[in-house]
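Chains as they are written, first to last, in this note's numbering: chain A, 3 to 495; chain B, 3 to 495; chain C, 3 to 495; chain D, 3 to 495.
Calculated from the structure, these hints are not laboratory results.
Remember, identical chains collapse to one label, so a pair may be satisfied in a single copy or spanning two.
As a list, the in silico DSBU-like pairs of lysine-lysine whose alpha-carbon atoms are at most 30 angstroms apart:
hint	residue 1	residue 2
1	Lys205	Lys364
2	Lys54	Lys76
3	Lys364	Lys53
4	Lys328	Lys305
5	Lys461	Lys309
6	Lys399	Lys210
7	Lys305	Lys443
8	Lys210	Lys364
9	Lys56	Lys431
10	Lys76	Lys53
The structure presented is a predicted model; accordingly, all values stated were derived computationally and were not measured.
Number of protein chains: 4
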Amino acid sequence: MNIEDKARPNCAVVGVFGHPQASLIAYYALHAQQHRGQEAAVISTVYFDEKKQKMRYAYNRGAGLVLDVFADNKIFSDVLIGSAAVGHNRYSTTGSSSRANIQPFNMSYHSGILCLSHNGNLTNTKTLRTQLINEGTIFQTTTDSELFLHLIAHSKKPTRLEQIKEALQIARGAYSLAIINEDSLIVARDPHGVRPLSIGRIKLDNGKYAYIAASETCAFDIVNAEYIRSVGHNEIAVINQHTLETGEIESHKIIDKTPVAKHCIFEYIYFSRPDSIIFGHRVDKVRRKLGKNLAQEAPEIPKEGEKIYAISVPDSGNTATLGYAKVNQELGHNTAFEIGLIRSHYVGRTFIYPGQNNRAFKVKTKFNTVKGVIEGRNIVVIDDSIVRGTTSNALIKLIREANPKRLAMRITSPPITSPCHYGMDFPSKEELIANHYKTEKEIGNAIGVDDLHYLSVEKLMESVPNDEGIDYCTACFTGIYPIEIEDNSLKKK
Amino acid sequence: MNIEDKARPNCAVVGVFGHPQASLIAYYALHAQQHRGQEAAVISTVYFDEKKQKMRYAYNRGAGLVLDVFADNKIFSDVLIGSAAVGHNRYSTTGSSSRANIQPFNMSYHSGILCLSHNGNLTNTKTLRTQLINEGTIFQTTTDSELFLHLIAHSKKPTRLEQIKEALQIARGAYSLAIINEDSLIVARDPHGVRPLSIGRIKLDNGKYAYIAASETCAFDIVNAEYIRSVGHNEIAVINQHTLETGEIESHKIIDKTPVAKHCIFEYIYFSRPDSIIFGHRVDKVRRKLGKNLAQEAPEIPKEGEKIYAISVPDSGNTATLGYAKVNQELGHNTAFEIGLIRSHYVGRTFIYPGQNNRAFKVKTKFNTVKGVIEGRNIVVIDDSIVRGTTSNALIKLIREANPKRLAMRITSPPITSPCHYGMDFPSKEELIANHYKTEKEIGNAIGVDDLHYLSVEKLMESVPNDEGIDYCTACFTGIYPIEIEDNSLKKK
Amino acid sequence: MNIEDKARPNCAVVGVFGHPQASLIAYYALHAQQHRGQEAAVISTVYFDEKKQKMRYAYNRGAGLVLDVFADNKIFSDVLIGSAAVGHNRYSTTGSSSRANIQPFNMSYHSGILCLSHNGNLTNTKTLRTQLINEGTIFQTTTDSELFLHLIAHSKKPTRLEQIKEALQIARGAYSLAIINEDSLIVARDPHGVRPLSIGRIKLDNGKYAYIAASETCAFDIVNAEYIRSVGHNEIAVINQHTLETGEIESHKIIDKTPVAKHCIFEYIYFSRPDSIIFGHRVDKVRRKLGKNLAQEAPEIPKEGEKIYAISVPDSGNTATLGYAKVNQELGHNTAFEIGLIRSHYVGRTFIYPGQNNRAFKVKTKFNTVKGVIEGRNIVVIDDSIVRGTTSNALIKLIREANPKRLAMRITSPPITSPCHYGMDFPSKEELIANHYKTEKEIGNAIGVDDLHYLSVEKLMESVPNDEGIDYCTACFTGIYPIEIEDNSLKKK
Amino acid sequence: MNIEDKARPNCAVVGVFGHPQASLIAYYALHAQQHRGQEAAVISTVYFDEKKQKMRYAYNRGAGLVLDVFADNKIFSDVLIGSAAVGHNRYSTTGSSSRANIQPFNMSYHSGILCLSHNGNLTNTKTLRTQLINEGTIFQTTTDSELFLHLIAHSKKPTRLEQIKEALQIARGAYSLAIINEDSLIVARDPHGVRPLSIGRIKLDNGKYAYIAASETCAFDIVNAEYIRSVGHNEIAVINQHTLETGEIESHKIIDKTPVAKHCIFEYIYFSRPDSIIFGHRVDKVRRKLGKNLAQEAPEIPKEGEKIYAISVPDSGNTATLGYAKVNQELGHNTAFEIGLIRSHYVGRTFIYPGQNNRAFKVKTKFNTVKGVIEGRNIVVIDDSIVRGTTSNALIKLIREANPKRLAMRITSPPITSPCHYGMDFPSKEELIANHYKTEKEIGNAIGVDDLHYLSVEKLMESVPNDEGIDYCTACFTGIYPIEIEDNSLKKK
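The shape of chain A in the complex, shown without the other chains (with noise of 0.2 angstroms):
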């Protein structure tokens, strides 16, 4: 629903090398990914300055949505100039959001110059940051991405490529990167590839390729990028010139020993555009899946002669409510997909709201519902997730006033019980509602509908991809943290 009470990812990345217009096409996949972040956005690309005759860093960067930071298009042939460009959409999860921590992460160094862009939540942070500070390093900002800049500048190993390699094994959580220099794009997924990347390639005029990396593939679909591969857990990629020339990847590992992957499921649930790729495959499916699941498990059954309408609240829940209705129409109850809820297509973050921020009227600057849909009829609602429930609660009643027969919801996700060390932005278990109350039965009541349901565990890892080596990471339902959570702070969390 993605009014302020879901989890949020945090952040996209996008990578590109070999395109004349780099930062043009880093633009378009950001935009396409808008959806992962919309505090913030930066490009920076590496170039070639006839006049200083060396390689430099060029950036741009802004708070707000991707068309605002760069409305204005002279910056990618004045400024933003150069064949490999990185570019981020930001959502803060670590670091506050204050206008410090919008920087673009971009160094001069030792060995030369590096553009970095970073999407996940890294669980050493406190001490690696700790110890830095003490030998004298200064931090700009309180992300974990400028971490990643000391860390490299840091090492002593030889080459960059080491130094990249190295940093990587002293970070721990969850990371996708994608970083440019002088002469490469490396794109990296942590030890468990808990956030997503991919990579694919553009073919040029000439015949020839640029390459592409991106959290989504939806941001591949918008420049005409053709899907290569998903980044593997525990790799480094590295594209080159050589990559140019011959369409080989170098590929390295960051730890030794490959563990099996934990891939975040809550991209599959919400995060993710259902038109990406993710971890190899198609969102659209799963979430297909885990709506004819979730009405296997908890069908809505009409009373006899009466019919059961299942709406959804759009974007996100279109799919799996389409595979809800048709499965509860196959189990035999009279069941039709209609559009109940209307979405408006401006809202924005400078919305204006009276007095205090009043979470009802919100849900009304985002939504309507179409009253001839909904009046007097048996309605089920599909969603995602329910957080906090205040939201929730404020969307039954905006459906209420429209006067359903009865209204019922339906989540295709398990109740959501423990905060996210990896990168979602949750609140604090205290405010968790599944945390205030025993059963679907409860916080049904809370929410205001006459029925709820959650789909199981069980079922959610049935509607995933089933890939060898490949495991989920369910933290936030299960309180299983799969990687070791190393900073106190967040232990206590």
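Chain A is fixed; fit chains B, C and D onto it per the hints.
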């Protein structure tokens, strides 16, 4: 589809009376009607200036979306004070889109102050302007709205209501107006009632009611207003202190003999939001019927053992597609409603395009396909209209990239062959694709689909509400203009 | 001293004709005249629109200094094209300083297009406005400038020159005007010629001349224009294609019998820049004479063996102080000219003041004392005028902090006792300090000096040029208004 | 003359401690010192964050003038809170003028938080940077200021004062610093004290004192601060709670043996405002003496019966011109001080020039001549220095347009022949006009005057204060650099 190859409505209006935060209400109402005009927004209020001890007007305006124009919320408490407000979302149909034409339309004149907001196009503008200019009148803009101001100011009638009435009698064409002065909100629709306008009321904390008028009732929902009724065609309705006290709304006729109404049928097909009530009826219901009748008229029949997947061009086509899929299924053709196109939530007017305005690219920044839904399947895509055909062509190309087995198209309106002189922004006759080809087959070929059908005018008329005394303007499909076109320049067009 | 406790001139005008970069010339000319109005600036041009194949006008305007309003220099080549331009620096005397009044004053009317720029105040504005409003005219602003537009547009005369002439006959008061239309630059001064306006010419690269008119000739110097002559009082001068070819400037009378001129004497005392020629004479020379005559009339006499240090309030008082010091010395009083006050170069309108508008603080942000010059010495500070006395008081306090032994003050004008109705912005009679006290001694006490003398009206008249047919308006000193005040509201003031 | 052909000071600093509105005081102080740097401004404060219950820093910065950067005054109460502040006006001497270098210089490090402001140039920057970079330090900017931060953070000394002291011992060259941390304001001048820095105090409403340090004391005057003393060369002065209570200022040495000071003599000649106290002496007095000595050395002698008119290039040359005129007269040469050049008050950095950067035009937008003063007379124009000669040449041309009979020039400093490595921005040796010609006569010819004389180094030394233990840096005139230049890149220059 809302890219530039569409018919465009000209503007939304709102009027508020008797509300302590009238401008804030107008702001929300304009936001809810943002789809009717994204070029500029303005809000004017009438208030009592304590310092000068007299009534004055205030306004704020700007190019762009409502949320951006009024991004600084202090404007509502510091500038736009007063309990009466009018507002306007502009899409430029008359007058160039030049800066001057974004002017607010307020005046101090011999009988007091007056702020006006207007939706529609006049058909005798040129004639009236020439006449007034020759008498020494200076026009600041080329809009119809300013013309109303001069007509009212030049009236010699004793009361302000009579001045307005006289002006409306002189002006010919389509207009829905909201006007405020020192003591009332005056709303009106032209004798044929081409454009919509409805009245609602908002319950205040003290138990009393404030009043609101807006082009579409989705504006009422966002501010918790209750729908009262549509302003009649040929009606001038006056809301004043007496209304606040008794609930009675004064009603006057513009011309003595009220003609049969000629509602714009395109409001039902495309302009209005599905969650609005227009001309007294729910848009959603009409649009679903358009889809159903289209399936009756032009079913999409799968081969033996195959299935049809009906997908919508989101979001305007969604309801019609549901209707189409349902009836197609009921007709015995194996059919499923599917979500095959994802619409970006972040498209704005500042998007940067590489080189020339590349329509294919524009479509790509707005839509992406869900490949798993389309690949290898029989797709029928339902859209509301085709204007030039260029955008449809680009969209079809995009869908083709996902490799459907077969790709058919259905349009929930007849071919557009004639320009609109009452407020829609169509290109010239020569640019309309339906004037270039003789048959649906030819147009379908040009657009790139395997099969194309439009809804017939007869089925269209069957789909829309059939109230007594109400008829529709179908000029864009039939070339029959129900209101005389007086200006020669329009005639030639 | 230029802080708000000063008389203020109302605006500068400029007109350019026959120059390929007319708007750029206007821009420089406005910048050179920035001292006459810092509130807003506007430039309008008339040009041939190749696309529409007709003459049109363009303009740009904004609040603030010329350099800021036109900070984006593309405006000159992209928007403000054409070989004729008028421009205006605004200081609001009529009309509130509200946004609406920063409007450019351009119109398309029955006889073509016309852009106007005006300096001065009319004395029958109210009467004329009321009349026009009652006839149905809508005023967008409360300025005299708009009144001219309506008067011209309402004229039934056949030629544009006659229309303008008729309008100028109807308007009464002070006006210096620059007007452009499709084929000429028309400049005029009211029958009494209260405000200045001069004509010059600029040699172009091709050997021909372009023409320029401006309030002050310092505007000519910056663009290398050669001074031709002052526009006469009661003159309408027309510069057109014929002028470009022959150098001949058409001259017309406004009213048949040209009265004795009544030049604003304050232009010499304070408004104009010392490097300008005003009413045909160099301001610097007049101002020096004011200082000399002031010393004759009110020498500052040192005690035996002591010395007088004459310091100026920079920069307006500099020349007069040199004259004063010289004559004081010649009279046998040991006297030196000194620089005792330093003026900040960076004071702008955005200065932030702590708490309320603290006048003492404002003086401090504008001036600082050179303590070594003042400490322990007999200081006579020369200023041009005293209005409310509050700023003088704050300035004297500032100087006192540097511990002069004795502090005298001399003013190069008589006491101001009456408001100006012809374009200077004085406070009301009640606020003028000279109306609160009977003697120079009392005023001196109030301001905080040991001794105060004003220049007498007689000596003032002796100081200014004495041309035939030329007299001066001294209303602010004498209460004698040479042009009848027709508006009752002004009379009461 | 302040157009770009001038030596430029590098920046102004200010520090405030113990004032409830520390940032506002810093703002005024920076405004008063605006002449020392117009490129960018920044203010940082240290405050107690009630919400987080800890000390933090805040800052605001921007390109442009102080008044513009801090135009929104809410910043002072909403962001820049706290009773300690440092501020900086930047003129870029080290580091390019790129955006990154406008960074504020604040840090959180192992010993707490620290905000720094710096004026001057180091001579071993390159050496120190290389060393730190090789150890893994990342530099965000190319400024000396950032270098200080890293040096302090890398110090292993136990107290913050010792850390700072160690850093200052390592850095070599010219620096005047203001630093705040959680509990003190620390100010320092390099062992030779090249740049000025003074301490003052401000009486608060409660009778206590707040403290201020600034490059020039004109910053004290604007905030009613009382001058206490200059910070000594080789001194670190600490102002803390104890100072607030007792008035005692802790004083430390940077290096054990304090060398003879080497004050920048150009501060007296041109940089500082005449109303400031610099290095313990009033600038105005020194500058007058420069003029007097110049007349002694190079009097301008009129022909029999003729007279010399001495005019200044305002405003920097005013006092020296008074001194010159006086002595020239005393030497028996009939001489008058006159105001022959008027300086525009409105010149800003946004001025638009036609075509290329036309120096003649730039001079014209800044100065105008008073023709009546110059025409037909023997003029001697006094200026403070000649750098490239191009601006002088343009200025002389401007004066020539006013037709002086004879035009001589006197310069209150010796010929500039060598670059400055301690913070002044001179062009390279090759661009200095004095390196192109052998004699004053030749330079005078090149500039276009009939006669040119510079002040000799001997007379210059006679003009400046002669305190014990104080000497001056005259490197730009003599090529003798009192502080070793360690960086090779500087040496080559």
